[in-house]
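For this one, chain C is given, so just place chains V and E on it according to the hints.
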Amino acid sequence: MGPERLIEEFEKGFSGETVEASRDGKDFILVIRPEALLRVMGSLKEDPFFYRLLLDLTCVDFRRDASSFEMVYHLFSLETGRRIRVKVRLPADAPSIDSVAGLWRNANWLEREVYDMFGIVFIGHPDLKRILMYDGFEGFPLRKDYPLRRRQPKADKGNAI
Amino acid sequence: MGVSPGAKRTARHMSEGYLTTKFENALGWAREFSLFHYPFVTACCGMEYMSTACAHFDLDRFGAGLTRFSPRQADLLLVVGTITMKLAPVLKTVYDQMAEPKWVVAFGTCTVSGGIYDNYAVVQGIDSVIPVDVYIPGCPPRPETVLDGFLKLQEKIRRQKQEWRWGRKD
Amino acid sequence: MTLESRSEQNSMLLNLGPSHPAMHGTVRIMVELEGERILNSEVEIGYLHRGFEKTCENRTYFTLLPYTDRLNYVSPLINNTGYALAMEKLLGIEAPERAQYIRILMCELSRISDHLTSVAAMGMDCGAFTVFLYMMKAREYLWDVIEFTTGARMTASYIRIGGVRADLHPDYRSALEKAVRETRKVLKDVHGLLDGNKIFLDRTKGLGALTKEEAVSYGWTGPCLRSTGVCYDVRKSRPYLVYDRIDFDVPLGANGDNYDRYMVRMMEIDQSLRIVEQAAAALSPRAPFAARNLRPIDPSEAIRLSRHQRAVGPVRLSPNLEGSEKEVYGEIQTADRRWTLPPKEDTYTTMEGLISHFLFFMPGRGIRPPKGEVYFSVEGGNGELGYYIVSDGTDRPYRLHLRAPCFHIVSALERLIEGRFVADVIPTFGSLNMIGGELDR
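Going line by line, the protein sequences match chains C, V and E.
Residue numbers for the first sequence follow my numbering, so the first one is 948 and each next one is one higher.
Residue numbers for the second sequence follow my numbering, so the first one is 8 and each next one is one higher.
Residue numbers for the third sequence follow my numbering, so the first one is 48 and each next one is one higher.
The following block holds chain C by itself, in its conformation from the complex (with noise of 0.2 Å):
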């Protein structure tokens, strides 16, 4: 299927939740509401974009500039070798969004990282806890409000470390 086939299913599909869709070079990019993730990725996994592979998962603290946090997630079409980034934006406080840990597995893991490290929530994750920093740690450290060298005491049976 062509680019521009492709970009005209985006947005015939997707209409009422897709808020741009543009390319860079051979790979897509598609911003959504995040109402829509769920429909949105489910459609994506099957016919006729087949994009079966997650490569990633992350997100970026803009809450300087466009207060909000973005998700940005990375598919992969093994099919047609086509990579398609997909943008969702979410409110500075209390962000939180639907998790797509059913329809991958590695997003399991991925989310759970997001979690650690912004403070995301994902609505019905099987298991959404820390992965990274050790329990008992406050705060999220990729957040741009952490600072880069603050360093926690952490007490180990009464050795203070």
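Worth flagging that the hints you see were computed from the coordinates, not collected in a lab.
Where hints are given, some of them may not hold.
Capping the alpha-carbon separation at 20 Å, the derived lysine to any residue pairs in SDA-like fashion look like this [what the hints assert, rightly or not]: (1) E:LYS373 / E:ASP345; (2) E:LYS418 / C:GLY972; (3) C:LYS1091 / E:ASP345.
It should be emphasised that the depicted structure is a prediction, and the values quoted were computed from it without experimental measurement.
Just chains V and E now, with coordinates in the frame of chain C:
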């Protein structure tokens, strides 16, 4: 003007007696040339540790080739690679489980001082967690540097007061 | 919900790691056992989380390059190349052809050393210590080649945005030929030691298997995905550098078990050796600087002379800078001066060169890409290594995210060891090639 360490050592030797001094020298010789190390390997320095231990830059020539994967059986804790805040309690537990006499070598700048990682997650030098005997800097250190560090450790073991009279009150 | 809270009354909880010889450093696997059979498990990572992404937001684009070395630390030059290519896509530039071939040579040497280390560690975990020693020997010869050119054995930070730091050492060919010869010999030996070895087969054949659909669902890429039979290699699917001009095959497995992963890696070493030979053949040799009959001026003398007139004649640079002389600079770095350092001779002898050099490093100046974002991936030792960079127009990245291939691969570990024996955890985990620096960033 205080008493020099050489004078103190001589005085101590003279007060201890010839046989015990010779015995301690022998003990020091035995301990330095048969180091069983516990490689607490985490990161990139582990690759250089592997190179040092293998055929090209053989660590076994110095008597330190035997790797013991249990802290109870090891007398040298070789901390190789970055120690994060999450891992620091594990390091302390492993150190506590080792039996005396024990030595610690900080391998790589991440263990010496946190290295290039000065942030919320990395311990800035393992000497804030456990006492260190020899620091080997480098990111990662060349195997020759590591061997030089081992030689310094052996010299330290040779010169230090050998603890063998446990239970005596001096 | 931890493993303790969901485990049964009569089962035993066993903790493997994080400091464990077969955990390759830093992964903790808690297993719930009934006898020796694993009922449930929980994999805990993050013991080597060094804050790479947050640190990169506080460094300039140029100075964060050494941090990329330490991600997948067994194949550091591939990480460097991935970052440089992502930045080049963002800036819209391309490195010269000689630099592309040199990058391919270095990437493939790194890939060979990654696979050697992985198979060696897997062999050692299964008890084949000879395999470990032989492969480390071969790796030393490869690292000699890298050291000749870059100065460092491992974390070289050799690739630059726009090219490479210096040209290849004039005598690298003999070292390279020796390394290739020794690696081929070691491969043959290890094939003989492991391929038909009953103990190794018992521990790897049929264990840790994953079907194609499951592997895709877990986001697997690289040798682990190819061992299940899915042919996806970034070098073939989206050729970068000059991979489209090089002839190589992509080995595939059939069952996706431990043995297939081992076999795919062994065959990939062979293919990478082919690529290395082709890249070396495409690179015309460079005569050493000393062999050219020129009398170079000492740098301090050149600086003194340049106060009165433009310097004529070559300037003798420090031995550390060998390979980045002005004659070859155009072939190893892009000519676009906004993103690269000027050649050292210009820095020493011309005002413009000095100013460019200072402006490159001054805070707030230097490499300032246009606002935007980019995602670029290369084929790392474990699979698709992607860099997602968001730039806000300043000299520091606003967000730099690494798509770490072994994060996805290790996320399937709980599924792979379920229902197996405890002893099966070791070769399964070894065959996944978990690298802590990449897993935890």
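Results for each hint:
With a C-alpha separation of about 15 Å, the suggested pair LYS373 (chain E) and ASP345 (chain E) falls inside the 20 Å cut-off, and the hint holds. Note on LYS418 (chain E) and GLY972 (chain C): the hinted pairing holds, with a Cα-Cα distance of about 17 Å set against a maximum of 20 Å. For the hint linking LYS1091 (chain C) to ASP345 (chain E), the alpha-carbon distance of about 48 Å lies beyond 20 Å, and the restraint is violated.
Consistency note: the structure conflicts with earlier hint 3 alone.
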